[in-house]
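Could you build all of it, start to finish, from the sequences and the hints given here?
Those sequence lines, one after another, are chains A and B.
For the first sequence, the residue numbers in the working numbering are 62 to 152.
For the second sequence, the residue numbers in the working numbering are 101 to 450.
Worth double-checking, as some hints may not be accurate.
Derived DSSO-like pairs (lysine-lysine); straight-line CA-CA distance at most 30 Å [to be verified]: (1) B/Lys258 / A/Lys74; (2) B/Lys267 / B/Lys332; (3) B/Lys375 / A/Lys74; (4) A/Lys152 / B/Lys216; (5) A/Lys91 / B/Lys252; (6) B/Lys134 / B/Lys258; (7) B/Lys249 / A/Lys74; (8) B/Lys331 / B/Lys399; (9) B/Lys106 / A/Lys134; (10) B/Lys442 / B/Lys319; (11) B/Lys216 / A/Lys74; (12) B/Lys151 / B/Lys216; (13) A/Lys91 / B/Lys106; (14) B/Lys267 / B/Lys301; (15) A/Lys74 / B/Lys252.
Keep in mind that the hints were calculated from the coordinates and are not lab data.
Residues per chain are reported as follows:
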Amino acid sequence: MDMKTRIPARSGKTASRVIDGEAVIVLLDKQETIVLSDVGSRIWEIMDGKKDIGEISGAIISEFDATHEEALKDITEFVEDMVQRGAVEVK
Amino acid sequence: MREADKGRDQYLRIYRKTMDNSICFLAHWELTYKCNLGCRHCYAAGRKDGKEFSYEEARPIIDELRDMGCLYLIFSGGEILMRDDFFDIASYARGQGFALRLMTNATLIDEAVSEKIASLYPLAVETSIYAADKDLHDAITSSAGSFDKTIKAARLLKERNVRVIFKFLIMNDNIGEFRAVRSLAGEIGADFVFDFCVVGKNDGSKAPLRYRLDKEKIKDFFISNDLPLGKKEADDEDLLCIAGLNNIFITPHLDVYPCIGLDVKLGNLREGSLKDIWRSSEELNFVRNINLPDLPKCKSCGLAQFCFRCSGIALSEDNDILGPSNFDCSVAAAVSEIAAEKEELINNGK
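Here it is, written out as structure tokens:
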């Protein structure tokens, strides 16, 4: 399946807040906390369960001066990592 | 460095930033004064004559807390489940990205309620157990059957993978129950914490203080249970209480305080916004800026490394927010004496 059309969403088992551009994510069922990098934090903010990875990629390209390929690769890796940690679900 | 360590260090850095930059990261919200138990020592006696907030009033306050950077919400009472709209409030808060901790006597939690609580994914449900002897627990709560109901609820929550914390408030007549309550928590799979800080009522009454341990009993308690002694790291000796630094307390009448234990009213959310209170309250800024050199008696005290002074107790019991809290002095003295005795035994090669 084309990753660009997949829609990532924050898991209902998370709580989160962005503090000075850094996302703090609490994995409620695991009682763990993650702090994301600046790019990861921005992806987390944009990820509203409606935008697909292609759309998120578009926003990241314009804000972080990345190429389309770089952004798509980074977002895909980020989403896969967060799915593995239980913070994100993909539709 | 392991990934878990990196994560913890990153989180501590953010937590420190919320204190240094006055970001309201945690709010403790007392949802109601109503309670179905009658715990004889309970502090929440007064302030029952006003109107408790509605769900409609709660939503914009939750939104405001979200916008201020608040991540953690503690809901307590009274008894939180006495509110018909408790799950409306809690679900709304979860929808706004908050992590919840719930303080409840748990006696109103049946299977259906435990399912609803589990669906909130609370960080913890905290409940007080005063004794493993049900008659003593029920005598302290003034409610026959309360022990059985609370224990049943704890089991229901654990079956649904909810973290449960048993809080044991040590008083003169339940001190002998410490080990039994700790074992009971272990058997159920609940975490266990203890405290001996009985406080006065919020109407000014000092009646509950008669249940409080004195210095010698605190000392005996630590020795007989071979407990680790609370001692600050050298770097933290100047650190005082964190009331108002990155946290706030809200009452059912929407009065705002720096902390549940510090009777310095900052404002009311029916009259102004939380953001304004947080930024502009002179009282809050005063509390935030209390440092060790501001405390004339405490700043040169030799017990500093064992002292966890509470400004609220200093104010309510000793009438001076910048003075010593005599209760905390007695705890620090007890712990300090035990530490000195242990050190002497080591030095004597015993």
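Tested hints:
1. B/Lys258 / A/Lys74: holds (17 Å)
2. B/Lys267 / B/Lys332: Distance of about 23 Å is within 30 Å: holds.
3. B/Lys375 / A/Lys74: holds (28 Å)
4. A/Lys152 / B/Lys216: Between A/Lys152 and B/Lys216 the Cα gap is close to 25 Å, so the pair holds against 30 Å.
5. A/Lys91 / B/Lys252: Judged against 30 Å, a Cα distance of about 24 Å means the pair holds.
6. B/Lys134 / B/Lys258: Given that 30 Å is the threshold and the Cα spacing comes to 26 Å, the pair holds.
7. B/Lys249 / A/Lys74: The hint holds at about 28 Å.
8. B/Lys331 / B/Lys399: Cα-Cα ~17 Å, so holds.
9. B/Lys106 / A/Lys134: Holds: B/Lys106 and A/Lys134 sit about 24 Å apart, inside 30 Å.
10. B/Lys442 / B/Lys319: holds (13 Å)
11. B/Lys216 / A/Lys74: Measuring from Cα to Cα gives roughly 14 Å; hence the hint holds.
12. B/Lys151 / B/Lys216: Cα-Cα ~27 Å, so holds.
13. A/Lys91 / B/Lys106: With Cα atoms ~17 Å apart, A/Lys91 and B/Lys106 stay inside 30 Å; holds.
14. B/Lys267 / B/Lys301: holds (19 Å)
15. A/Lys74 / B/Lys252: holds (25 Å)
Hint compliance for this structure: no hint is broken.
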